[in-house]
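Just so we're aligned: the sequence shown equals residues 1 to 591 in full-length UniProt numbering.
Quick list of the computed label-pair ranges, beta carbon to beta carbon:
no., residue 1, residue 2, range
1, Glu558, Lys211, 55 to 61 angstroms
2, Val530, Lys211, 46 to 52 angstroms
3, Thr540, Asp182, 42 to 48 angstroms
FYI, nobody ran anything at the bench for these hints, they're computed from the structure. Just so you know, even glycine gets a beta-carbon here, dropped at the ideal spot from N, CA and C.
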Amino acid sequence: MADEAIVIEAEDPPVNGDPVVSMKRKRSMEKPKKKYQMVPPGFIVEPGHVQQKISVGDLRDLIVYILGDGQGPKWLSVRNRPAIRSVVALHVPGLTPEMFGFSSVKESAPLKLSLENVPAAYNVSAFLQFFNYVYPVQAPGSKDSLQSPVNEFLSVPFTKAEKKQSHKDAKKAATVKLAPKDIQLTLQQMKDNFYPIHPQLDPASADNDLKEGWVDTIQKEDATARMFAMDCEMCDTASGKAVTRATLIDSSGKVVFDELIKPDEPIVDYLTQWSGITEEMLRDVTTKLADVQKKILDNISTRDFLVGHSLESDLTVLKLRHPRIIDTAVLFEHPKGGQYKYALKQLAYKHLNRSIQTGTGGHDSVEDSLACLDLVKAKLEKGPSFGVHQSYTVNLAAKLAKNDVTTAIVEPGVPFWTEFATDVVSPASDRDVAIAAGKMAAKHQFVYAKFNEFQSFGWPKGQIDEQELKKANTALSENISLLYETLPSDTALVVWSGSGDPGQMLHLRQQRRKYQEEYRTKNWAENTVVWTMEEDMQLTRATSIARAGVALLTVKHEEEVEESHKRSRSVTPQLNHTDHTDNTGNEDNSL
1 MADEAIVIEA EDPPVNGDPV VSMKRKRSME KPKKKYQMVP PGFIVEPGHV QQKISVGDLR
61 DLIVYILGDG QGPKWLSVRN RPAIRSVVAL HVPGLTPEMF GFSSVKESAP LKLSLENVPA
121 AYNVSAFLQF FNYVYPVQAP GSKDSLQSPV NEFLSVPFTK AEKKQSHKDA KKAATVKLAP
181 KDIQLTLQQM KDNFYPIHPQ LDPASADNDL KEGWVDTIQK EDATARMFAM DCEMCDTASG
241 KAVTRATLID SSGKVVFDEL IKPDEPIVDY LTQWSGITEE MLRDVTTKLA DVQKKILDNI
301 STRDFLVGHS LESDLTVLKL RHPRIIDTAV LFEHPKGGQY KYALKQLAYK HLNRSIQTGT
361 GGHDSVEDSL ACLDLVKAKL EKGPSFGVHQ SYTVNLAAKL AKNDVTTAIV EPGVPFWTEF
421 ATDVVSPASD RDVAIAAGKM AAKHQFVYAK FNEFQSFGWP KGQIDEQELK KANTALSENI
481 SLLYETLPSD TALVVWSGSG DPGQMLHLRQ QRRKYQEEYR TKNWAENTVV WTMEEDMQLT
541 RATSIARAGV ALLTVKHEEE VEESHKRSRS VTPQLNHTDH TDNTGNEDNS L
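Using the sequences provided together with the hints, build the complete structure.
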């Protein structure tokens, strides 16, 4: 915590009827108590002071302010900030402004919660119990696109000092020369990207036994480490992908082999628009997968580096395991991180000023192999900073860790940013998330949690039964209540949707993409998709809805728990319009 928490000490135990008072305690008792020492922590809302819709970044910055060393928000006040012991950020995709009575996605001021404003289909009883206001929140994006609200939430912009240090580090890194071993995939990276694992990397693995048809590269005596680049083209068979062309080039760019391959199974789709392979090209081909595997083993040793782009797919269809891989899709990290990767075409244009895959007849595996090889050569020559996106942001958990704040992630599945967390819990249901998040808040100052079950009801892909919607809303309310009851005292709870319903926006963007593709590849008379100014306006409106999220904030304080129980037994519109007064005599607009 940035500031020392305000703690009211308990009375010392009496001895023989008389209290024993330390000198420090006696001096403090002689001083008049400051009024703020009796004020519970909380959020104070002044709707008239909110001039524009808050952003996902504003929610993130609020958390940094409470737990770290950020600047205070202008859109609300934090009462007795040092007394807030932990923060739980609960991501609930599916929440919409409509659920809470907003009449337009353009509204920017927080809205007082009231049953009078809520549509009959929604049960927001838990929200009325624990929150007084709901904020409209703008998700990141543009007039026709929605960017990831989660990435925005987790990315804290650098301070001026951090940015300056980043520039110094980048200049220093540019002077460092790399060797191929410095940029090869680690074992963990190979596992994360679903590479077949060579037994040399993990001798104790239970998966080391070769499956039928698979081969491992072997170590050759007196072999020096060389570098090769590889690319394959594939087709679809009844049992999955199969290789139809394999190319291997050496470090000088010379083609070692470039072979067409006849799959053992009948081909159901040649995937010509991507592979460039046609039925006619393979009609008289007799080369089989085993023939190409032999050529690979004849040319490559386990000491050699194999270069490619997302090479796990190529090795899988070749049924080949090799220990030393340089993957340009991993080497040149996408600024969004996680599962996002650049296409090889993008990397070649950005870093080599080279256009590849420009024709309509499919990819050329020789061209792609050369592009991968030249990208790696450029990286080795120009150093660690080459091709690294300077985002000038730091992960939220990493930022908080600088202030000795620990983080727990409570989310179904495997979140992409687990490396920054002290604890990671993957519950099976929203109910389990609620329980686990409350327990984690007692151990960690920051907890990132996510409910998944409401999304399909809040953002339905089609018509949805009203009774099912009511059940989903009831379940959501119950889980919110369960989470709140599980939280320790003096915990801030931030519930946020991330965005609004992106369904119509995604549909229109897909329609526009198909129109643009037809416009480039077909005659005007052959176009099947229409895109006019009217569709453009529809996309703008749909994007406004997609970017319109909500957030609700509160601080649980033990003296208010009994009051929350009373409200849970009787939630009425009159209750939620009652003005509360704190012990300073001022109107309390606490959330």
